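A.B. asks: Order-wise, the sequence lines are chains A and B.
Heads up, the first sequence is in numbering that gives the first Met the number 0, so the first residue is 0 and it goes up one at a time.
Heads up, the second sequence is in numbering that gives the first Met the number 0, so the first residue is 0 and it goes up one at a time.
Bear in mind the hints are in silico, worked out from the structure with no lab data behind them.
Among the hints, erroneous ones may be present.
Quick partial rundown of chain A residues pointing at chain B, CB under 7 Å, derived from the structure [claimed, not checked]: (1) A16; (2) M54; (3) D72; (4) P105.
Straight-line Cα separation of at most 20 Å, DMTMM-like style, residue types lysine to aspartate or glutamate; simulated pairs [stated by the list, open to error]: (5) K58/A <-> D24/A; (6) K706/B <-> D36/A; (7) K29/A <-> E66/A; (8) K58/A <-> D36/A; (9) K669/B <-> E733/B; (10) K797/B <-> D9/A; (11) K58/A <-> D699/B; (12) K876/B <-> D820/B; (13) K2/A <-> D24/A; (14) K832/B <-> D782/B; (15) K771/B <-> D820/B; (16) K707/B <-> D36/A.
Quick caveat, the model's predicted, so the values are computed rather than measured.
Every residue gets a Cβ at the ideal spot worked out from N, C-alpha and C, and that includes glycine.
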Amino acid sequence: MGKTVLLIEDEPNIIEAISFILSRDGWDVKTHANGDDAMAAVRRRAPDLIILDVMLPGKSGYDILAEIREDADHGGTPVLMLTARGQTRDRELAERAGANIYMTKPFSNADMLAAVRALAET
Amino acid sequence: MTVLNLLIVVCLSYVVLLFAVAFGADRAARLGRGSWLRSPIVYTLSLSIYCTAWTFYGAVGFAARSGLEFVTIYLGPTLVMIGWWWTLRRLVRVGRSQRITSIADLISSRYGKSNLLAVLVTVLAVVATTPYIALQLQSVTLSFAAFAETDPTATTLPDMQSTALWVAVGLALFTILFGTRNLDANERHHGVVMAIAMEAVVKLCALLAVGVFVVWGLAGGVAGTLERIEASGISRFEVSGARWVGLTMLSAMALLCLPRMFQVMVVENEHEDHLRTAAWAFPGYLLLMSLFVLPIAALGLDLLPTGANPDLFVLTLPLMEGRDGLAILSFLGGFSSATSMVIVAAIALSTMVSNHVVMPLWLHYSGTAAMVSGDMRNVALMARRLSIAGVLFLGYVYFRISGGGTALAAIGLIAFVGVAQFLPALMGGLFWRGATRTGALAGISIGAAVWLYCLFLPSFGPEMVVPQSVFDHGLFGLSWLRPRALFGAEGMDPVIHALMWSMLLNLAAFILGSLLSFPLPLERLQGAQFVNAVEHSGTQAGWSGGMAQSEDLLIMAQRIMGAHEAQALFAAAARRQGVAGYLPEPGPDFIQELERALAGSVGAATAHAMIAQIVGGTAVSVSDLMAVADETAQIMEYSSRLEVQSQELARTARQLRQTNEMLTHISVQKDEFLSQISHELRTPMTSIRAFSEILRDTGDLGPEEQKKYAAIIHDETVRLTRLLDDLLDLSVLENGQVDLNIQSGSLTGLLDRAVRAAGGETGDFVIRRDRKAEQIELTTDLDRLAQVFINLISNAHKYCEAQPAVLTIRPEVNGTQLVVDFIDNGSGIQASKQAMIFEKFSRIGVSKAGGAGLGLAICREIMARLGGDISYLPGQKGAAFRVRLPLEIDGPASQQGRSKEIRSKETDSP
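Sequences and hints are given; from them, build the entire structure.
C.D. replies: As structure tokens, then:
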């Protein structure tokens, strides 16, 4: 059984695309559209990796990331952050919140896959 | 044509010329032209109204009767003009700075603006001037009669009374016309002044011409003239020293006190500096006027038959010699002298009478209502005009009653003594701060009473007013009350007698009254202003510090300057004086130095006042207090100006801060907006890129998947396009660059179109409409309105979660407004979010419909352009939107029918 990745994203088409790419690479992809559901899922079963969108309904990606990092058991989970807001300020915010890798949408599928693999090895 | 007729013609022409000159000068002044009107020479010539007909004719008569005594009439004014130049300057300065209108005004103003005093002065001035006006009328009549007598063709003598009446009426007319043009009595009467200046030239020329004729035509040159004078015995008249001094003083006082002189000298004064010219030019004028008096008198006595009126020698000498032209010129000279005096006197008196008698009475009886209503001006002008007529009428009546005594000079001197009663109050007011209203009232009243009793009333002759018994035995039989021998002063000349007693008693009452009474605050204030008119606070009066206490000064200085500095100052001064220690002699130099040092700390006026308290040992004077008050006021004004400035700065700072905040806010908003757009653009692009890469890189995709992913790419492209369309649309709407395409149409048709464009009804989306109520014609941009409707319908379709979703569209006409409600049966929008749904990118709920969140923002902008609005209607269970707009948009007609390319969402559907 491959490793699990938790995808927190609200755009159905993007979810479909990422799921397709990662599944083919042997990942078990779980998807949640908002932070609360995602956090519950993390606590239920810790994923090996989290892919997190910034603009979400309800809690923002930064808030969710902060929550993950504060969590005693799962604080060290690697997080790949995706954002459609491509400004420098957003990158700074993401890094300060503790994202391991930060990627701007749209991304190249190969880059995304490489980033996920790299994070999984750490 | 006879000489008499010629005289009448010339005379009338002269009058016409006078009117023309006055009119021209007034006009020029009004138009701002004619700087020559304001020249010092005109001013000097206008002063020549001092030389009335009395001087013109009477000086010769005076010389013929009393020898050289006539010189006193010229000597007094000359001494004043030259020797008392600075007094006149102060008078003029006070008059100008206080906007004084007459001598009565000046005296009343100085003594606390007392109207009682003004009335007293006015009455005395009228009483003293009326005979004088009568005298002028008489001189014109007499000279006219002199002409008539010598004219053999004149069968009947012209009626003297009617001549005087016509002259009086003519003068009244002239004075009213040119003297009451403006209400402001303080304003210059350019026309009048110019006319009397011209008359001054005429009378001087006339007298000089007669003089030249007499000396070189009759006496055969200067030497011959001197012989004749010697022979006539004029130079051998006994000259009384007392009378000389008395008359010189009297004429000097008259120059200062005569209402008409005050009028031309102070009220009509254009510039203080004109006095400089007048100071030498006016005595020069008087000298020329007096040059030929003796020769004319001597030759008149010699050549004319005994019993001829010496007052008319100036006229009768040329007449006798058959020089009709010269005689007419001489007549014009006398006429000029008489008329100019009457005109100015009438103006001066009428100003006083109307301002101090008529107006106060009128205001008293008409109450305050009249004061606030607008007709004050006309009343004042009318009062002045009536006063002029009244003054001249009084003069005429006096002339009729007195019957015309032949000694012109006597009436002149009597009037002089009358007005001289103003002098103590006038001069005291200018130079003595201690002078009070009580003193002025007492002085003028007593002086006037003595003048009336001793000189004026007796001048009517025995039994006219004063019974002979009073002359012989005194009032109530008290011999010391005899009018000609008051307090037993017998054997004196009546004029000198009256002058002496009236002035002595006047002065005594004035001084005593002033010393014994306490001035009112207003009086003190005015007194300080009048007395300090020339010396300003810049010039320091020197101190004599004999009584000063150096120690007190040191204590005071320490308080102000600090102990160290004060002691150093005092020690240095003591060292210079060779005194040991800290206490120098308080000499003037030291005190001045100390005052300057203190002034650096507390201001000049305060320093002066403080030192005055110690050194002078007297109370602080009014002017010191006023100077202190001035300084305080200045400081207060300065500080209030600073306060205003600092408030202004604070306001500017606040405005800048607000602007800065606003700009920052806008900048943040802009960043936010860009960020939002970025997100909205990148999201579909992410899907597009990801799936296109999948399609490109994945070899083993089934046809189903391929089709599905291609469809996703297509959908996301449409979404992108729509987003860009919305953005552009919003931008155009927000910038107001949108052109409306106004058309008329029915609401029902418009809704049909919108429903169709929004995808129409489906199984789970029902639209309820009231087609009957929809029969509404409206004129607006139908395409834009359809865009709003489409948006609302598709929103309901997208977001209403009820099964089936029902959208009710309810139109209603409210006056000129159309109201359309769109209400669905969903869960509605949370109250907390209702406020922000019209903001850009304010998507609420999940983005299942994939909209960019610009729809309602665009709707809001469109409705604003259509003159209406869109709002969320709470309390309708489901989501409810209300659209309001005018049935007929009141846009510019030019927009109608203009073909426009309107983007709509009808083409957006996949």
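A.B. asks: Does each hint hold? Answer for all of them.
C.D. replies: Now for the hints, and whether the structure bears them out:
At about 4 Å, the closest approach between the beta carbon of A16/A and any beta carbon in chain B falls short of 7 Å, and the interface hint on this residue holds. Interface hint at M54/A: satisfied, since its Cβ lies 6 Å from the closest Cβ of chain B, which is below the 7 Å cut-off. A least Cβ separation of about 30 Å between D72/A and chain B goes past the 7 Å threshold, and the interface hint is therefore violated. A distance limit of 7 Å between C-beta atoms decides the matter here; for P105/A the minimum to chain B is near 4 Å, and the interface restraint holds.
In summary, the hint linking K58/A to D24/A is not supported, as the alpha carbons are separated by about 30 Å, beyond the 20 Å threshold. Only pairs whose Cα atoms come within 20 Å are accepted, and K706/B paired with D36/A is rejected, the gap being roughly 32 Å. Of the pairs offered as hints, the one joining K29/A and E66/A holds, with about 19 Å between alpha carbons and a cut-off of 20 Å not exceeded. Taken as a hint, the K58/A and D36/A pair is honoured in the structure, with Cα atoms around 11 Å apart against an allowance of 20 Å.
With a CA separation close to 14 Å, the supplied pair K669/B and E733/B stays within the 20 Å bound. Restraint check: the Cα-Cα separation between K797/B and D9/A comes to about 17 Å, which is no more than 20 Å; the hinted pair holds. Between the alpha carbons of K58/A and D699/B the distance comes to roughly 38 Å, so the proposed pair goes past 20 Å and is violated. Restraint check for K876/B and D820/B: satisfied, since their Cα atoms lie roughly 13 Å apart, inside the 20 Å limit.
For the hint pairing K2/A with D24/A, the CA-to-CA distance comes to about 10 Å; that is within 20 Å, so the pair holds. Distance hint between K832/B and D782/B is unfulfilled; the C-alpha atoms sit about 29 Å from each other, more than 20 Å. The suggested pairing of K771/B with D820/B holds, with an alpha-carbon distance near 15 Å, which does not exceed 20 Å. A threshold of 20 Å between alpha carbons decides the hint, and for K707/B with D36/A the separation of about 28 Å lies outside it, so the pair is violated.
The structure fails hints 3, 5, 6, 11, 14, 16 (numbered hints given earlier, in ascending order).
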